[in-house]
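Following the hints, position chain B against chain A.
Which chain is which? The protein sequence lines are A and B, in order.
Just so we're aligned: 261 in full-length UniProt numbering is position 261 of the first sequence, and the numbers increase by one with no gaps anywhere.
Just so we're aligned: 6 in full-length UniProt numbering is position 6 of the second sequence, and the numbers increase by one with no gaps anywhere.
I should point out that these hints are in silico values taken from the structure, not numbers from a laboratory.
These numbers come from a predicted model, not from an experiment.
Some hints here could point you the wrong way.
Copies of one chain are not kept apart here, so a pair can be met inside one copy or by any two copies together.
For lysine-lysine, the following DSS-like pairs were computed, each having C-alpha atoms within a straight-line distance of at most 27 Å [stated by the list, open to error]: (1) K157 to K219; (2) K377 to K98; (3) K377 to K289; (4) K74 to K377; (5) K219 to K13; (6) K118 to K103; (7) K306 to K118; (8) K449 to K98.
There are 2 protein chains.
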Amino acid sequence: MSLTESPAIDIAKAASSASRHLATRSEVERNEALTALHDALRANKSLILEANARDLQAAEKSVTNGSLSQSVLKRLDLSRPGKYDDMLQGILSVRSLKDPIGKVTLRTLLDDGLSLEKVTCPIGVLLIIFEARPEVIANIAALSIKSGNAAILKGGKESTESFVTIANVISEAISNTRVPQSSIQLVKTRAAVSELLAQDSFIDLVIPRGSNDLVRFVKANTKIPVLGHADGLCSAYLHSDANPEVATKVVADSKTDYPAACNSLETLLVHEGVLRSVLPLVARALIAKGVSLRCDSPSKAALQQKLSPTEAEDLHDACDSDFDTEFLDLTLAVKTIPSVSPITDVEAAVSHINAHSSKHTDVIITESEDAANVFLKSVDSAGVFWNASTRFADGMRYGFGTEVGISTNKIHSRGPVGLEGLTIYKYLIRGSGHRVGDYFEGEGGRRYKHQNLQILESDV
Amino acid sequence: MSLTESPAIDIAKAASSASRHLATRSEVERNEALTALHDALRANKSLILEANARDLQAAEKSVTNGSLSQSVLKRLDLSRPGKYDDMLQGILSVRSLKDPIGKVTLRTLLDDGLSLEKVTCPIGVLLIIFEARPEVIANIAALSIKSGNAAILKGGKESTESFVTIANVISEAISNTRVPQSSIQLVKTRAAVSELLAQDSFIDLVIPRGSNDLVRFVKANTKIPVLGHADGLCSAYLHSDANPEVATKVVADSKTDYPAACNSLETLLVHEGVLRSVLPLVARALIAKGVSLRCDSPSKAALQQKLSPTEAEDLHDACDSDFDTEFLDLTLAVKTIPSVSPITDVEAAVSHINAHSSKHTDVIITESEDAANVFLKSVDSAGVFWNASTRFADGMRYGFGTEVGISTNKIHSRGPVGLEGLTIYKYLIRGSGHRVGDYFEGEGGRRYKHQNLQILESDV
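Isolated chain A, as found in the complex (with noise of 0.2 Å):
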């Protein structure tokens, strides 16, 4: 790992070389480097939170200026409860993850003697540009290192301090290990990622984690394939026959747990049979956490006949855009679907959400198994959810051991990517001189046999 200013073509080039190395090396050799990563990362721990503290006294005045927005603030902070030692199990969990490369995930026997083989190997070479956020150089470095994949990192000027930092600890790890030295390159300045964007020969993916302006900048600028998501609009829908306190305990975790969060609740759509019943009960918790809520004219009605006047006055009008912004603070669009019958009703939610949101989660509430299933087969984000807050949406707590992303893209990598979404595959065809030009119809022809083979348990 190395903190470079080189030229873009002379980075993309050595990240390039270097990771023709890494794919060969064995899982053995990159779990040592994760090791020393992960305990040089522990043993710096007080140095990295000064820094970080250097980034956030910064930050918070450029948020009093108006310069920088509060939620840019709260992902900056390492020292938020839990976020340090969270990115410090995070390698240790992709360390214990299986190997994701060479796994053989089918096995074909094309004729005798002749045998086609998918074999999962890393992609290549990663660019990673990130804003605040410096735990992602710690998450990056590991998920990188374990997949085989070479990454170039550009962190953002609001965590430079916290960058430089961390890049050096690491450096200086990385470099008693058998893993490259230019596996992992970090570079400080912006013209530097503009270069880099250009270098599709050599790089082969692109991950921006940060504000929607920064991943839709990348995806305008280069031609290498990005797997991220420009927004988290993400709707909870309260069916006719939701369970009360579950549709309060769901949303209001959806929307309050985090609000800064790309999986948290922005639109909530309402069955007109509940506006009385479910919607207060929902509408009081929220507001009781400081949420303000955009309502469609019925909503607001119905609210406001059974709200306080106090609570009412966190009630206001929702415009056409509202369904259309992710707030990413404690504000709420509320929408009305009016009641038809049952599975059209459930269906002009999934409409609603089908054009409305950004594909990345959605949630019914509802008792009705059927109802229930409707949504989950029609609604097409990375997640569908049956009475579970949309902030489950996360690789940690799927099982990933941690997360290089979440990904609104329809191809790839959907959802959260861990480790898998970092691979791809090759096809191996051993044979013994055979030919495409023995098989044909007819006399003398061959014929494929395309027989299945056995996959052992240590072939994955």
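Here is chain B on its own, set in the frame of chain A:
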């Protein structure tokens, strides 16, 4: 299926809407549509071949006046022995494949009453653009319907007659099934393509099948992910211990079985130690099949010494660009790998391939398992073969039923792409009011169980 001349945005919206409905169709309903498609194409074979003959006639004129290449003409010909039957058989093979949709590939108990499932689902809307190769329409229609994806198809002007006839036949067949009419739409004009490439909010994946120019044009003109390969620059490496018979069989088949195909051989790397032993045998077999060799100095000198003067007439000097050229014809570039040590020599061949190949398919000819393993692990291509023809890189030969294309991308799908490449997945969570806020370290906090649950035979 319908042949449409509506504005691009209407076509894309109709496809998006159809895709939502198609995604909820049962396997039986989708298979019924495939049966209808197959039967109609079989019943109308002579009608379609007549239309194809008209295309061929026009294409032959273009070849004569130099405006069309011989290789495009070959791809256009639907009457080539076995081609039509292969097309029909491909539909039945796809139909007989397991349903790729709704497969549970991961099931985790997150906590009591809280389960996570990873389930395969369609990608959504595909835009497939092809030039010659009219049989692609049937392949793509079958694969799209089977995988629950809506598809928009655009054929090339060379295959217009075949395209329109096949479109009409399939259109009528599908109209009698329960697959939505707009699941498969066909567009005729080139102008429509440019507009469709801009519909990134409705179209999820573009699959160009045709010339390198087409693929490059598509990649340069859309933000939609592109599945495909601009080049098929395949190499073979004859190692120092290459078996002469294996070498001759594999290289001749790779180069001459179907030179216009993307999986045919373009570069031959020869270990210095076999320049005068194995190479002359290989060269003789190639020259007998009409192949012209473009050799570097050492290989040319060796061959001139070993071949007859008549044979030597097909030897030419290679220039640098020959090793970056996809000839798609009976021409082969030959390069010598200097002898240092067995493994170093393999690595030198690997380095040449990783720098010059198009990451499609590459092969080593060796009797050494060690040398083969280095090659299989280090070559960064979709297909890496040992002692077998590059021509095996094909969805049918791999046993995928049929293929939607061959990908040289590094993400999502690599190599021959069958049904699986047209699916993605979503994560489903089922709970009963579960909140993320209840999970924390310390007293009263819940812990995730992350218990892998069994995946049943009926799930996949």
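Status of each hint after checking the structure:
1. K157 to K219: within (20 Å within a copy, 33 Å between copies)
2. K377 to K98: Intra 31 Å, inter 19 Å, cutoff 27 Å: inter-copy only.
3. K377 to K289: neither (33 Å within a copy, 55 Å between copies)
4. K74 to K377: Neither way: K74 and K377 sit 35 Å apart in one copy and 43 Å across, limit 27 Å.
5. K219 to K13: Answer is both: 22 Å inside a copy and 23 Å across each meet the 27 Å cutoff.
6. K118 to K103: both (8 Å within a copy, 19 Å between copies)
7. K306 to K118: neither (61 Å within a copy, 40 Å between copies)
8. K449 to K98: between (32 Å within a copy, 18 Å between copies)
Checked against the numbered hints above, the structure breaks hints 3, 4, 7 and satisfies the rest.
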